[in-house]
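K.L.:
Chain by chain, the residues run as shown.
2 protein chains.
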Amino acid sequence: MTSRDYLHKAFLLAKGANLKQIRPNPFVGAIVVSQDGEIIGEGYHQKAGEAHAEVFAIQAALLKNLDLSEATLYVTLEPCSHIGKTPACTDLIIQHKIKKVVIGSLDPNPLVSGAKKLFDHGVIVETIITPEIVELNNVFNINQIKKRPKYILKSATTINGQIADRFGNSKWISNAKSRAYVHEFLRARVDAILTTAKTIMNDNASMNIRLEGTAPTELNLIVIDKHLDLLKKENEQLPIFYKRINSKIYLVTDKSFEGKLRTDVELIKVDMRNKKIDLTQLSSQLLSKNICEVLIEGGGVLNASMIQEKIVDEVFMFICPSINTDSSALNAYSSNQVQKMDELMKLSLLETKVFDNDILLKYKVLITKS
Amino acid sequence: MTSRDYLHKAFLLAKGANLKQIRPNPFVGAIVVSQDGEIIGEGYHQKAGEAHAEVFAIQAALLKNLDLSEATLYVTLEPCSHIGKTPACTDLIIQHKIKKVVIGSLDPNPLVSGAKKLFDHGVIVETIITPEIVELNNVFNINQIKKRPKYILKSATTINGQIADRFGNSKWISNAKSRAYVHEFLRARVDAILTTAKTIMNDNASMNIRLEGTAPTELNLIVIDKHLDLLKKENEQLPIFYKRINSKIYLVTDKSFEGKLRTDVELIKVDMRNKKIDLTQLSSQLLSKNICEVLIEGGGVLNASMIQEKIVDEVFMFICPSINTDSSALNAYSSNQVQKMDELMKLSLLETKVFDNDILLKYKVLITKS
Chain A
0 MTSRDYLHKA FLLAKGANLK QIRPNPFVGA IVVSQDGEII GEGYHQKAGE AHAEVFAIQA
60 ALLKNLDLSE ATLYVTLEPC SHIGKTPACT DLIIQHKIKK VVIGSLDPNP LVSGAKKLFD
120 HGVIVETIIT PEIVELNNVF NINQIKKRPK YILKSATTIN GQIADRFGNS KWISNAKSRA
180 YVHEFLRARV DAILTTAKTI MNDNASMNIR LEGTAPTELN LIVIDKHLDL LKKENEQLPI
240 FYKRINSKIY LVTDKSFEGK LRTDVELIKV DMRNKKIDLT QLSSQLLSKN ICEVLIEGGG
300 VLNASMIQEK IVDEVFMFIC PSINTDSSAL NAYSSNQVQK MDELMKLSLL ETKVFDNDIL
360 LKYKVLITKS
Chain B
0 MTSRDYLHKA FLLAKGANLK QIRPNPFVGA IVVSQDGEII GEGYHQKAGE AHAEVFAIQA
60 ALLKNLDLSE ATLYVTLEPC SHIGKTPACT DLIIQHKIKK VVIGSLDPNP LVSGAKKLFD
120 HGVIVETIIT PEIVELNNVF NINQIKKRPK YILKSATTIN GQIADRFGNS KWISNAKSRA
180 YVHEFLRARV DAILTTAKTI MNDNASMNIR LEGTAPTELN LIVIDKHLDL LKKENEQLPI
240 FYKRINSKIY LVTDKSFEGK LRTDVELIKV DMRNKKIDLT QLSSQLLSKN ICEVLIEGGG
300 VLNASMIQEK IVDEVFMFIC PSINTDSSAL NAYSSNQVQK MDELMKLSLL ETKVFDNDIL
360 LKYKVLITKS
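Residue numbers (numbering that gives the first Met the number 0), protein chains in the order written: chain A, 0 to 369; chain B, 0 to 369.
If you are wondering where the hints come from, they were derived from the structure by calculation, not from laboratory data. One should not assume that every hint holds.
Copies of one chain are not kept apart here, so a pair can be met inside one copy or by any two copies together.
Using 20 Å as the maximum straight-line C-alpha spacing, the simulated EDC-like pairs for lysine to aspartate or glutamate come out as follows [to be verified]:
(1) K170 to E342
(2) K225 to D277
(3) K225 to E308
(4) K339 to D202
(5) K176 to E350
(6) K63 to D202
(7) K274 to E125
(8) K268 to E313
(9) K361 to E350
(10) K170 to D341
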């Protein structure tokens, strides 16, 4: 087996973790290999706050009473060099005199300089940057580098970009298969949905996760609600106020609220910038709540703000087989700001997926900032 | 070989014709097969006004001095029963006492009742409706049934349906590969482009066919130009007025023109209906000029009118990797008419094609009228 093979095996171990258990941490897998190529220990990071992958792998090898001074540790992510909730992995490697460490991806966190520390202590360090491994921690990397959640913007439009007719009716532009995909592969993977009070009230949406054959699952909801409309008496019966055990509704506002809040509702207070919610401030508050990945499911105004703010990472467009010729129909992106041809936000097409007559186009946004 | 195999061979013969040579006629291929299964004659319709496929095939068989009374004729389209520019093929079949005729598609023209006539004269008639054969004459069938050209609407938009910024600038939303495809596979196959004077003046477009490595080829141009703006002195230098030998510019108007027209310009006079050009009238005039297939390359207003009129057969959308968030950007379809969710024009997705980051979505429009 080559180094790449061992790294791929460590990658498969890493992937085995439950996304929701490890957040906000990265996926990490590790393998200890003896001088003669035998795998003598393996492990992966299983739960935030608990042991790192390297610890599991090294402990497994130690249980076999083997000398590790000729062993190689393959690890998908640069080992940590600082003491967080658990001791630094570099110390463990140095302590057990492991001869060589092969790393599949570098830690984007500048506090982590594990490779350098190992090298300084005489460990042979080889770095093989492996795309599948880097991609696996896409959310973690964005969180670390940009200090904000990863944002995915989803919309379903007619072939000419309209999300609703002029009266705001959008039911249903996309077909049942497309909508099932949104629940199973988008809502189920993110930590929260971001939307606006207007969309909530207009669509009477529950914004939970509904998979065929199972009971609905709850999901955190972040609602831009400057005037705290959702706390008004007449909105008490909205479907988003279903019984929540593990999730919250975060209302984003610059206002204060005097009354008593429901236990499942929390306010996120942010400043206004140019008469708009400061999305950068919101982002860092979300990350501090371990909301690492957010699905934007709003209207054209929220979508346009997020895109203009350059904080959207991926765009999922469901292009559906109808045309709305009405020039007052509602577009997926709607701002009063002039935008010329040479100022358009550019994307890169990642993947397409056909659901009968709907087609999902997945894009990466090319220019984003923190 | 089975009947389907012979029909497929006749289909391949039919396809060999040059589209531009046969218009407005259909593609037709024919094969005469002897009692022992040997192909003893074949032919295809090569040029409008000249012999039909059956004539070539039967003549080839006769040259071999064979008795056709035990032969079978395989023909992709129901043989004609009326005398047009050439004698009726049914008469030829009956005259030579051909035993059996196998037909791959029925003629949509109600004047053609060849199958019945053959049957009445004792010929064994078998009809095997073959999708590839029917599809080959898609344009001819639309011409015959709907008494109008086939219309293909093409646009290139941002992912949210915008074809230009609010200043009308659209250069370039799609990439060079997409644009090359439009020239090679759309413009090169149709008989004319339909657009508006506004688009011509705004885009300074030449609307010819430009294929890499060859000189531009001319193409008929139909321009909705109510006020005959293109005949004004200041527009004489527009690129559409390139030297034309085989093509014309048709200006569509309800006005008369007193001056002397350029030889390559012709007026199509139509009435107004609800303050708009009567597109049904225009359609029948185009068909009478043997313009059988038209590519619509206009702005949002023309596109919306054509769609509302329910005379578009296919829609080719190039979805390009950019977003225009400006609510005043120009949409691919733009009308003042209210359109509710349950009134949207429905499409069916036929095919997709990726050109780097652009994607072409080909649709069939589900409801069209004559």
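K.L.:
Each of the hints needs a verdict: does it hold here or not?
P.N.:
Here is how each hint holds up against the structure:
Taking the shortest alpha-carbon separations for K170 and E342, only the inter-copy value of 12 Å comes in at or below 20 Å, while the best intra-copy value is 32 Å. Taking identical chains as interchangeable, the C-alpha atoms of K225 and D277 lie at most 20 Å apart only when both belong to the same chain, with a minimum of 11 Å there against 50 Å between chains. Proximity of K225 and E308 under a CA criterion of 20 Å is satisfied intra-copy only: 18 Å inside one chain copy versus 44 Å between copies. Taking the shortest alpha-carbon separations for K339 and D202, only the inter-copy value of 16 Å comes in at or below 20 Å, while the best intra-copy value is 32 Å.
Taking identical chains as interchangeable, the C-alpha atoms of K176 and E350 lie at most 20 Å apart whether they share a chain (17 Å) or sit on different chains (18 Å). Taking the shortest alpha-carbon separations for K63 and D202, neither the intra-copy value of 60 Å nor the inter-copy value of 76 Å comes in at or below 20 Å. For a Cα distance limit of 20 Å, the shortest separation of K274 from E125 qualifies neither inside one copy, at 51 Å, nor across copies, at 75 Å. Proximity of K268 and E313 under a CA criterion of 20 Å is satisfied in neither setting, with 26 Å inside one chain copy and 51 Å between copies.
Taking the closest pair of Cα atoms, K361 and E350 come within 20 Å of each other both inside a single copy (5 Å) and across two copies (18 Å). For the identical chains of this complex, K170 and D341 are inter-copy neighbours only, at 9 Å across copies versus 34 Å inside a copy, given an alpha-carbon limit of 20 Å.
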